[in-house]
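*Asks:* Please model the entire structure based on the sequences and the hints provided.
Protein chains: 4
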Amino acid sequence: MTHTQTHKIAILGASGYTGAELVRLIATHPNMEIVALSADRKAGMAMGDVFPHLRHLDLPKLVTIDDIDFSQVDLAFAALPHGLSQALVRDLPESVKVVDLGADFRLRDPAEYTKWYGNDHVATELQKTAVYGLTEFYREDIKGARLVAGTGCNAATVQFALRPLISAGLIDLDNIICDLKNGVSGAGRSLKENMLFAERSTDVTGYSQGGKHRHLGEFDQEFSLLAGRKVEIVFTPHLVPVNRGILATCYLKGDAQAVHAELARVYASEPFVVVLPFGQMPGMGNVTGSNFCHIGVCADRVSGRLLVVSTLDNLCKGSSGQALQNANLMLGEDETTGLMLAPVFP
Amino acid sequence: MTHTQTHKIAILGASGYTGAELVRLIATHPNMEIVALSADRKAGMAMGDVFPHLRHLDLPKLVTIDDIDFSQVDLAFAALPHGLSQALVRDLPESVKVVDLGADFRLRDPAEYTKWYGNDHVATELQKTAVYGLTEFYREDIKGARLVAGTGCNAATVQFALRPLISAGLIDLDNIICDLKNGVSGAGRSLKENMLFAERSTDVTGYSQGGKHRHLGEFDQEFSLLAGRKVEIVFTPHLVPVNRGILATCYLKGDAQAVHAELARVYASEPFVVVLPFGQMPGMGNVTGSNFCHIGVCADRVSGRLLVVSTLDNLCKGSSGQALQNANLMLGEDETTGLMLAPVFP
Amino acid sequence: MTHTQTHKIAILGASGYTGAELVRLIATHPNMEIVALSADRKAGMAMGDVFPHLRHLDLPKLVTIDDIDFSQVDLAFAALPHGLSQALVRDLPESVKVVDLGADFRLRDPAEYTKWYGNDHVATELQKTAVYGLTEFYREDIKGARLVAGTGCNAATVQFALRPLISAGLIDLDNIICDLKNGVSGAGRSLKENMLFAERSTDVTGYSQGGKHRHLGEFDQEFSLLAGRKVEIVFTPHLVPVNRGILATCYLKGDAQAVHAELARVYASEPFVVVLPFGQMPGMGNVTGSNFCHIGVCADRVSGRLLVVSTLDNLCKGSSGQALQNANLMLGEDETTGLMLAPVFP
Amino acid sequence: MTHTQTHKIAILGASGYTGAELVRLIATHPNMEIVALSADRKAGMAMGDVFPHLRHLDLPKLVTIDDIDFSQVDLAFAALPHGLSQALVRDLPESVKVVDLGADFRLRDPAEYTKWYGNDHVATELQKTAVYGLTEFYREDIKGARLVAGTGCNAATVQFALRPLISAGLIDLDNIICDLKNGVSGAGRSLKENMLFAERSTDVTGYSQGGKHRHLGEFDQEFSLLAGRKVEIVFTPHLVPVNRGILATCYLKGDAQAVHAELARVYASEPFVVVLPFGQMPGMGNVTGSNFCHIGVCADRVSGRLLVVSTLDNLCKGSSGQALQNANLMLGEDETTGLMLAPVFP
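Protein chains in written order, with the numbering used here: chain A, 215 to 560; chain B, 215 to 560; chain C, 215 to 560; chain D, 215 to 560.
Warning: the hint list may mix true and false statements.
Identical copies go unnamed one by one, so any copy, or any two together, can satisfy a pair.
Unchecked claim - Dumping the calculated DMTMM-like pairs for lysine to aspartate or glutamate here, alpha-carbon to alpha-carbon at most 25 Å:
#1 Lys342 with Asp469
#2 Lys222 with Glu407
#3 Lys311 with Asp323
#4 Lys426 with Glu247
#5 Lys275 with Asp305
Treat the hints as calculated values from the structure; they're not laboratory data.
*Replies:* Here it is in structure tokens:
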């Protein structure tokens, strides 16, 4: 490479887990420099005091968003609680590219947004133009986008398993059941009794059961678009006592061999999606700390039924790694730069 | 009770987890005395050296089965690897009642036994007379039985959720999908790389996927009997990094309210099965160390679909607790004696 | 016992972990009935909604302390944050016996209380008469006490290891170093970032390092009293990712064999303290969920140095189990009633 | 860099955790290529089948050591059980540089080797010339070495805390007590009952207590050399339920401020050793997956006593990361190449 440019990066909401994960990844990115880190309640603190695992890095202090000079920023990652990105992104200078890790721009239909998030969207014009950030399926749009909406981490995991199958008409659209096992970091750093170590460490429990999880809005949008008809999946996430990882067990009707062949074909050239040999199934612990997604397929003993299992690290491929992958594309970098870290095992 | 008798108990296979759990439970049982403990490879050792958590108890030394004087035994618990109970139980004196915690006598059809376990049964006469040990549904038969076959732990968990619904004709028999999250103690104390702490602690992975798990033999037998037709469920267990517990998420078609009402009705008088209010769902961590099973029901957003979730402690209600419950009945004791221990939380 | 009385019990502060542990233990106590449960912020809730693992029990609703009719209470357990018991206990009817699980009455010297807890004691008369609740060493005083002050959980663990050695003059009083590994439930149910599962599950870290932990007040009081001179130990607790348990590694100077012999002698007739054979060392996981304390002794290769390791369950023997043991004595029950539950393993 | 050379690397013993960790690290190293991977019992398997987290990498198949063409190898990492490296390294072509991760070449005195490892050394000539691989203190020797002996992981952790203090004469050499908390991956992938998830996950227990741990040979050698007199420390490791990490709590006598100042001075320019501000103490979870070592110092309330706590990831900085750091130096690379990965948190 004879001529490289250093991209100036801001991370908004840097005191949460996805913010820290962005810093971890960008730390070894050769062409990105973090010029601003924001965190409203922790403004004034050093990042190394908020996250001691980042002590060895030379990072700017945490500031409030208002204190950032966005004229010096090429791209901002917004890792904010949902609802906060809308007005913020609307008011940023047009010169700043944005990857939003939150939920604000995932749904294109304002009515759907209101249905799932309970309030009206305040930047509906932007909402229409935001590109859905599932890189492997929106790559070309992402390259030219100013605003990319990161997907939900559950939404990413299940879509890697199902999108090619819906597109190819290989599965019964009325019998899609996805049971997820979710590492707890997906809940973020918020303080709730049931997220304490003592209460989580020996427990497994479902949440948002019965179809109440907001990521269903993304599934409805994307799968119905792919299928050309309304598709409603059954989807239940469960908290398991692991920090990072989502494992989605998808119960489907179709031909298992054909399903495997199609997944293998679609992902053959993808750097981050690994389809296992037929009948081999992935484990959550094999993608920890990485941007990889592993997928396995097997037939069930009940004729005409099959399982597709996909797994990824919710903080990385499901969130911050995906965001960096998109940012690379938006900035003209190679998509994999800074992201080829092998998983940490054991 | 003005006159109580002390029952003399042998535990065969006392060096495994279910053996240790039996000792734990019997330790506070007022009318049972452990007179013999066997463990072939550890014969000669003190139980407190094999399981230091039992050091405070005054227990007989571990011996080989051959060294037990069965004329002094009222009831034997057999906690042996599958295949070993058949000849053993056949050759015991008729005076010894037996609760088998293994798989040898769960399936009444020799052909089914061979299909799932890979070898012929050597005590087919006994196999026919053994009572299936799911106490809540075979209570009267168990009271008079000489040989009770403890159920598989997964089999127990799912049957508590589904038996009443199949009996009452409340669910679509061709759309039963059961996704289980399983604590690792179900795998016993055997030495495998993938059961090491380092490999399990950050991993979640399915096993016996696609309908290969042996407990399916029990489901097929019991559910087909209840339904009066062949019933084949989809069933996938997953290892989660928890010591004890099984949580079964059952995806069903039917009317959620009717399902809840039926479960509540059936279990209203059961001391160990707790049906939660409609829409409340159980957590695995709420039954740890106890003989209780918690069940929850909710409707799904997809019309006509519902979830039933049941959870229990695989070593207790799923195995040794169930065994003691059955032994109590076989010996004329109150069914709950020694079993009302509250769960340990956190 | 030909004539048993049912003691009426109140638990003040029942929505914390020690409160729930008291309920768990009392649930199988034959002669105690819980007549009142208080929890200020959760008053009005059912105990089974606050702690679903207790759903199977028939318990009174949570109320505020003011709503309890103490004329119907024989004994109250106070499981309140430190500082709240002082005025409360002072104002209770004299007829109510009290076991305080908090820190308010552990230190007899008002100046020491102020030094470690930062405020003046408001019930100094009571403070003088409270009996220090380390049952094995204050048994006779406890039998006749109206108010017993439960010990700190760390304080209990270390005192079981060291009291007999200080009394017998077997160790160098100026070289006592106690390194503790602590399960997280000792921190209670309070909401702090560093107690979230995601932050604790892969971390081990010391706290109150350098001699800042409040339990040092108890050590100073008790050890100086035993030795007849000022004794200051070095004591550092560390959080480990386990729910229950404290393991204290005590680095001492003395003769290891003599130390072991003395511990074995002192605890020979104690039902809950188990001294292992010389050279065998205990593990935290062998006392989980029980009222037992295991102690081991070995010599170090460095001449004249030795290790004493003691371990117990902080919520049980270190807190609620100890409290019940004391309550049994105060109410004329056998000391072990309701407390002989074997540890839960695995 | 206009001209870079790709170093050809062999990993001997690639089916263990340190072997896998080397692959993980080298995967992003720009100037190293893995040309051979050996594993006797798993020869013939693909690395991605032994370690599915490495599936995405294009790696040579596992072979036996005899099948490696060492004329094509610049440097070999030997990650073998202790005892196996001696003859192996002796018989390798002189042209192959070697970093041994095992214990075979750590002790320079054959008698000490025999004392701690129970057998005579078979390559005593090599033993004398091997350079002790604690990079920060043997850097210049390592640059020119053909054979570097990686340190024990415990030995590394404690030496980072103590070497500068012994060198500077700042601590009492007769009162050094080091209590370690150790992640389980240090035990490797060997199959033992007490390393099963079910037995480790709720347990903390010491091992090799009383001065039996083999890493004491390294402490004795290095500390006595530094001090110019015999130094014997008290050292007790404890297994905690964490995969990666060692946290060493060192109880010392000396002046805490002077100790902190010296550590800060010595490590000021070291890229991988971070000394925290005085009074701030490190957590094991803040170095997971990285090559960093964090050190904290505080005074104790007991006059003249202090704590130094150091922590690192046993598989990385304590083993494979250190090995790569040394290999970089031996091959003329920048010492930090491939090692600046930030820790993974949470």
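*Asks:* It remains to establish, for every hint, whether it holds in the given structure.
*Replies:* Evaluation of the provided hints:
In this assembly of identical chains, Lys342 and Asp469 lie within 25 Å of each other by CA distance neither inside one copy nor across copies; the values are 37 Å within and 39 Å between. Taking the shortest alpha-carbon separations for Lys222 and Glu407, neither the intra-copy value of 39 Å nor the inter-copy value of 31 Å comes in at or below 25 Å. For the identical chains of this complex, Lys311 and Asp323 are intra-copy neighbours only, at 22 Å inside a copy versus 63 Å across copies, given an alpha-carbon limit of 25 Å. Within a single copy, Lys426 and Glu247 get their C-alpha atoms no closer than 39 Å, and across copies no closer than 41 Å, so neither meets the 25 Å cut-off.
In this assembly of identical chains, Lys275 and Asp305 lie within 25 Å of each other by CA distance solely inside one copy; the values are 23 Å within and 52 Å between copies.
Of the numbered hints listed earlier, those contradicted by the structure are 1, 2 and 4.
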